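Number of protein chains: 2
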Amino acid sequence: MMREGQDSKPKLCHATVIFGDIRGFTSFASKHPPGRVIHLLDRHLENQIRLVFDEEGTIDKFLGDGIMAIFGAPQALDNAELRAVRAAWRMREASCQPVRDEEGNEYVLRSGFGIATGPFVLGFVGSRRLSSLTTIGDTVNLAARLQGVTGDADIIIDRTTYEKVKEFVEVESLGQVTLKGKENEIIHCWRVTALKDASGE
Amino acid sequence: MMREGQDSKPKLCHATVIFGDIRGFTSFASKHPPGRVIHLLDRHLENQIRLVFDEEGTIDKFLGDGIMAIFGAPQALDNAELRAVRAAWRMREASCQPVRDEEGNEYVLRSGFGIATGPFVLGFVGSRRLSSLTTIGDTVNLAARLQGVTGDADIIIDRTTYEKVKEFVEVESLGQVTLKGKENEIIHCWRVTALKDASGE
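Quick note, the sequences are listed as chains B and C, same order.
Residue numbering for the first sequence follows my numbering, starting at 1 and increasing by one per position.
Residue numbering for the second sequence follows my numbering, starting at 1 and increasing by one per position.
Incorrect hints may have been included.
Because identical chains share one entry, a pair is satisfied inside a single copy or across any pair of copies.
Stated by the list, open to error - Derived PhoX-like pairs: lysine-lysine, alpha-carbon spacing no greater than 25 Å straight-line:
id, residue 1, residue 2
1, Lys-164, Lys-11
2, Lys-9, Lys-61
3, Lys-31, Lys-9
4, Lys-11, Lys-31
5, Lys-166, Lys-31
6, Lys-61, Lys-11
7, Lys-196, Lys-164
8, Lys-11, Lys-196
9, Lys-166, Lys-196
10, Lys-166, Lys-61
11, Lys-9, Lys-196
Hints listed in this document are in silico derivations from the structure and should not be mistaken for laboratory results.
Treat the numbers as computed from the prediction; the structure is a model and nothing was measured.
Model the full structure from these sequences, guided by the hints.
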């Protein structure tokens, strides 16, 4: 998925990637009727999408109850790292507000986020009928991995993102993690505990 | 992504899910120019998509160099499990044939596959501009997990799939694995080593 008017030529980007995920949603989905599951997910994602667009991010795709967004690609964006962290902060806050099913019952779909910044390849693949934006690179894998580090409704960022946003956020160090398939590569990561200026302006 | 004319109402499906992935592609992509990476991936996925359609499967989405396909949903399909295994077998074989870049250089993008059968919720989510098919359920998570069990260009299937296809394939037991976040749940899985009748008819 892309916003309109963008160049579809493959390119090497340097940008910030967010992976978000509703905690425990697979289990939730197994206990509720499909109509309700999709209705609630739809409401939730509608809010999440809006918050990505508010910070000029691009939705890459939905993955089950997950969402992947990109800041700073395919088009460059000033302060992409801070915009991504701010978007994730608001997405997390929004996810802690209840969404209503068609009967007015309320459910909270708390979400956690992983954020990484770095290079990746971006382009369109597939047949004409099934063309799709795709992203290839360790930055994307790292964001997906960080999303799962705590399993809670947290925002976890990598070092490159941290270095760019550290004046604007409060963080707690989570120490080091390893990436699947790259056990000899140590990744330092941080949990974002607050935005210093909630308006972010 | 869906094939035309299908019902978009949320439903609880019982179907077979394939996750495929090119082994080592992230690393490959970091060493080649973006144009070549996307060109080769495009050629590869074009072949993979065709083989999914040949067995009447549906492409759910592309995930970087990965592909997710569904057999038996949104519309029922006779022998969905066997069709999925047969498709994966041919997708794996196709992935062992070289694809050419624009200068005629050849590269082999060997792929591995995870296959699981069971219930999941299927529906459309997102805003009108970004509507997307989505799938929620342990069956989907299991197929994704099985895809990574060996890290080789293998086809790994779960018990439900195995029970339905065992007369038609040769397998090797891989014993038990656990699912991330469900470490107390033991999953038995098998590697498909041959189709008994390569024509599958």
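Each hint, compared with the structure:
Within a single copy, Lys-164 and Lys-11 get their C-alpha atoms as close as 23 Å, which meets the 25 Å cut-off; across copies the closest is 44 Å, which misses it. Taking CA atoms no more than 25 Å apart as the test, Lys-9 paired with Lys-61 passes in both settings, with 18 Å inside one copy and 20 Å between copies. In this homomeric assembly, Lys-31 and Lys-9 come within 25 Å of each other (Cα to Cα) only across copies, at 18 Å, whereas the closest approach inside a single copy is 44 Å. Taking the shortest Cα distances, Lys-11 and Lys-31 sit within 25 Å of each other only across copies (14 Å), while inside one copy they are farther apart (43 Å).
Taking identical chains as interchangeable, the C-alpha atoms of Lys-166 and Lys-31 are never at most 25 Å apart, the minima being 41 Å within one chain and 31 Å between chains. Proximity of Lys-61 and Lys-11 under a CA criterion of 25 Å is satisfied in both settings, with 18 Å inside one chain copy and 21 Å between copies. With identical chains, the CA atoms of Lys-196 and Lys-164 are at most 25 Å apart within one copy only, with a shortest distance of 14 Å there and 57 Å across copies. Proximity of Lys-11 and Lys-196 under a CA criterion of 25 Å is satisfied in neither setting, with 34 Å inside one chain copy and 44 Å between copies.
With identical chains, the CA atoms of Lys-166 and Lys-196 are at most 25 Å apart within one copy only, with a shortest distance of 10 Å there and 59 Å across copies. Taking the shortest alpha-carbon separations for Lys-166 and Lys-61, neither the intra-copy value of 28 Å nor the inter-copy value of 35 Å comes in at or below 25 Å. Neither within a single protomer nor between protomers do Lys-9 and Lys-196 lie at most 25 Å apart by alpha-carbon distance, with minima of 38 Å and 43 Å respectively.
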